[in-house]
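Chains B, C, D, E and F: place on chain A using the hints.
6 protein chains.
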Amino acid sequence: MAADDTEVVDFLYEVGLLKRYKRIGWVVAGVPDVESIADHSHRTAITAAVIASLEGADPQRAAFLALFHDTQETRTTDIPYLGKRYLKAVAPAEVTEDQVRGLPAVLADTIRGAVREYEGHESTEAVCARDADKLECLMQAVEYRSQGSSHTQAWIDTSLAALKTAAAKRLAEEALRRGPLEWMHETRDEKPPL
Amino acid sequence: MAADDTEVVDFLYEVGLLKRYKRIGWVVAGVPDVESIADHSHRTAITAAVIASLEGADPQRAAFLALFHDTQETRTTDIPYLGKRYLKAVAPAEVTEDQVRGLPAVLADTIRGAVREYEGHESTEAVCARDADKLECLMQAVEYRSQGSSHTQAWIDTSLAALKTAAAKRLAEEALRRGPLEWMHETRDEKPPL
Amino acid sequence: MAADDTEVVDFLYEVGLLKRYKRIGWVVAGVPDVESIADHSHRTAITAAVIASLEGADPQRAAFLALFHDTQETRTTDIPYLGKRYLKAVAPAEVTEDQVRGLPAVLADTIRGAVREYEGHESTEAVCARDADKLECLMQAVEYRSQGSSHTQAWIDTSLAALKTAAAKRLAEEALRRGPLEWMHETRDEKPPL
Amino acid sequence: MAADDTEVVDFLYEVGLLKRYKRIGWVVAGVPDVESIADHSHRTAITAAVIASLEGADPQRAAFLALFHDTQETRTTDIPYLGKRYLKAVAPAEVTEDQVRGLPAVLADTIRGAVREYEGHESTEAVCARDADKLECLMQAVEYRSQGSSHTQAWIDTSLAALKTAAAKRLAEEALRRGPLEWMHETRDEKPPL
Amino acid sequence: MAADDTEVVDFLYEVGLLKRYKRIGWVVAGVPDVESIADHSHRTAITAAVIASLEGADPQRAAFLALFHDTQETRTTDIPYLGKRYLKAVAPAEVTEDQVRGLPAVLADTIRGAVREYEGHESTEAVCARDADKLECLMQAVEYRSQGSSHTQAWIDTSLAALKTAAAKRLAEEALRRGPLEWMHETRDEKPPL
Amino acid sequence: MAADDTEVVDFLYEVGLLKRYKRIGWVVAGVPDVESIADHSHRTAITAAVIASLEGADPQRAAFLALFHDTQETRTTDIPYLGKRYLKAVAPAEVTEDQVRGLPAVLADTIRGAVREYEGHESTEAVCARDADKLECLMQAVEYRSQGSSHTQAWIDTSLAALKTAAAKRLAEEALRRGPLEWMHETRDEKPPL
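Residue numbers (the numbering used here), protein chains in the order written: chain A, 493 to 686; chain B, 493 to 686; chain C, 493 to 686; chain D, 493 to 686; chain E, 493 to 686; chain F, 493 to 686.
Isolated chain A, as found in the complex (with noise of 0.2 Å):
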């Protein structure tokens, strides 16, 4: 037992990683303060719940999906769009496979299972959870630009374009129309929304 709660340990440590690792693509950008992989991967797994919410998927698969759906960057880190024809990366599940050798058994089928679904791109689950994806960086994308950064057009275009799921078009048309916070001003002018 004693090993398997090191190897349980190591992997929970491994995962920090994604805390101090910064998401490159904005980082080519210029960005000057960039989000953290975990930053975007905790929206994403909130996005991924809305947006199967709304496609009538379970809300809670598709946010474990999108949980994980970087964990294997803690290996990799976060290739920018550049770098992809000059550095061939295994498949992510095979990441994983190393990553949860050594974890006990039920711990560690649990994460391939969803590493695996979600690099399926099939279930519905795991196209939420692919869409929630691209809708998390496209709403980055337009705040940061609204802090000034005018290189993200290439990002708000590129995550358009990959949209499976209705409601993921839907939301990031309005993401776009809306603008971030816009009603944080108006509770300014206005009466507080309670």
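Watch out, some of these pointers could steer you wrong.
It does not matter which identical chain is meant; a pair holds if it fits inside one copy or across any two.
Pairs of lysine-lysine residues, derived as DSBU-like cross-links and limited to a Cα-Cα distance of at most 30 Å, are as follows [what the hints assert, rightly or not]:
no.: 1; residue 1: Lys576; residue 2: Lys661
no.: 2; residue 1: Lys661; residue 2: Lys511
no.: 3; residue 1: Lys656; residue 2: Lys576
These are calculated hints, taken from the structure and not from any lab test. Since the structure is predicted, the reported quantities are computational estimates derived from the model, not experimental observations.
Structure of chains B, C, D, E and F alone, referenced to chain A:
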């Protein structure tokens, strides 16, 4: 429908504040580059899945509860220990009530249900998610300590004392014994894990 | 005496937290590298001296009030506009009461007196210091706007509307018209000021 | 009057540079997230009030002197110890002379008077403010040391050796003995102070 | 020999300060996350090789001059435009003289020679390296402008006006016309360059 | 010619990415404020000149090789040790081939030649530049260790073991014995070096 989409998008932009708000305890402790609430929430959700799995509970449910456990802090921020004597906060579930107002009913119920279960302290999954919140904090304290911050012991002690499940207690002891990313240094000297 | 010295030193270490706590409004606005509460308080104190001087009041007293005007935030942090609906704070003077407990009586009275006068909104110096708090915020908003942050208008509007003295109103208009550090760019083209 | 307002606003924008300039000694020492000159000046002003109070001098005057003591650094920046051999700076009062040129006469005289008194080293309040500058530095060094920076001893030694007043010497010894925010950790174990 | 090694190691540690010192002009301009002097020097050296190559001069020599062109700033830091009226610095070659004292003679002569040639403004390679210093600054200004900073025009104008070589002037015009990393966005829409 | 200028400018903007990319090993080690690849490359180039000088090789050539030794990382980023098992990168010289395509032939050949010589491991200057890469890393590890990061030993050991030249080995031992910027603290106690 348009009105609903606006509310959904506003909710997701609001969740994005958790990327920018810092975990205030580490600021008080003098840690130089402090993680965000979203950073903490991401690893907490994965830790919740791990603890639930080891405790024979539902990993997906525990992760889902953990994902939302600090989402009220978009409105209240993270209050330091010291501040709790001077600030009386409404119950988290009431903040959530305001946050989900206007969301499609199914989605609102999903979020409301997760928050209430977490705040209820009763289901095994809630207990696992709450332990994950503490274990994650303990591990982060160990990591900041290894980066030079000497004021982290209080966080380790408080987190350790609050743990309820056998799995979390065992993992906490192992996390303290093992230290962060030890295996990575092992692989530098020996053969890689594969 | 030793006991007193401990209390004094603890008070000064506590004041140091204002260097680490960020002005939360700018975090909400998405500003990338946000000033500390101490940063704000320093220029506020100098601004208070300026406004008091222009209003025929005591610059030194106004600066002194401003110096302490946010010192309660070591314990309460800076609560965002949005959070005030969810957090009920004790009055600043009560926080100060706890902070000065144990300090030598003369010192405690000096600090207590400054906080009470500021919170009383009555003396001309208190009015000038309060205007300084708003004018400083407005100028910082203009600076962040020129650095790319487009979400600063609400802060400008709110600050402007709250000003009471003729001097502060005039300076606010000029600060908006002039923009930050314009004269420095002038000197690049022409001769230096001497 | 309009011309005057422009000068006043330019002066306040200029003072804002102290929020962005870092205390260079800590950069040399390798501290990771260095305080601004404004951060230092804010606690120095409060420390000056404290020392003056303990020495039976005027706390308000001492704080006022401290508030302006580094305002010349908007134009000269903070020069490291090492640089003083290679850079000959004009006297601070001369920089101030340029800064207040064009300000309304009463205001200009107020600032000029504070800088001259501080630079004169003679009045008790100037001595207290100068000791505050050193004591603040020593306390910051202790804080950075507890955050991992091992190169802070030279700053502690130099600051300690420069102190003139009995009160500042006593507080420095206590600050070294006590360490930062010890009482906060005490309150975690026991009952809160109230 | 041991004494020499100590001097060499001290010299290399000292050069490391350029990683921590910020380019002060950008701080004045309000850029949020400012490059280091080493950051600037690295691209300047490559730019010097580029300009020298286009001008038919020796790329390696020009790069070598550029590599050392700001190394005196370990001792003097980067003084803002505004500060030059208040700080009289010794000539860079004199600072270098102190820095290389104690180094093995051949090494000291190599560094001394590079600094003197750069400061001499005469050799074609010195002219190319000096133009590289300005062109690099102009390109960085364009990059910061595209990230939201509106106060960069003065740097563009000053840099452009200082250029001497035909190659640098042509590249500056093209850098202004082209903008940063445009080709990367082209590759997002079309086929990758290979 | 216009086409060429566009390619040259694109190349220099691309090199600027090295200012923004962090040295990933330090991120893994938990260092709070990590140097850029450009920061590392700048001191590496100077270190290469130093080692070459001590080894009787050409300092200018060694520095030139070092200047370009990580320029491929604009496209591949800095891959952590752990990631090399999961990412297969094309040879650096092939990345350079893409980077210099379209540059004027003389310039392209100059860069290509430097990269090939460095990657060839054969010329004395290449060996000195490669040792500089390792020695620079070791010195940075010592600096981060003195700033509190306890996870730097693996970098020191690996760098030390990889050194080839007698000069680099001797300097590494001295760098470890001496520690960073010791002489600066000596000058605080005694007379300045002049």
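Outcome of the hint check:
Taking CA atoms no more than 30 Å apart as the test, lysine 576 paired with lysine 661 passes inside one copy only; the shortest distance there is 27 Å, against 35 Å between copies. For a Cα distance limit of 30 Å, the shortest separation of lysine 661 from lysine 511 qualifies both inside one copy, at 29 Å, and across copies, at 24 Å. In this assembly of identical chains, the alpha carbons of lysine 656 and lysine 576 lie at most 30 Å apart only when taken from the same copy (23 Å versus 33 Å across copies).
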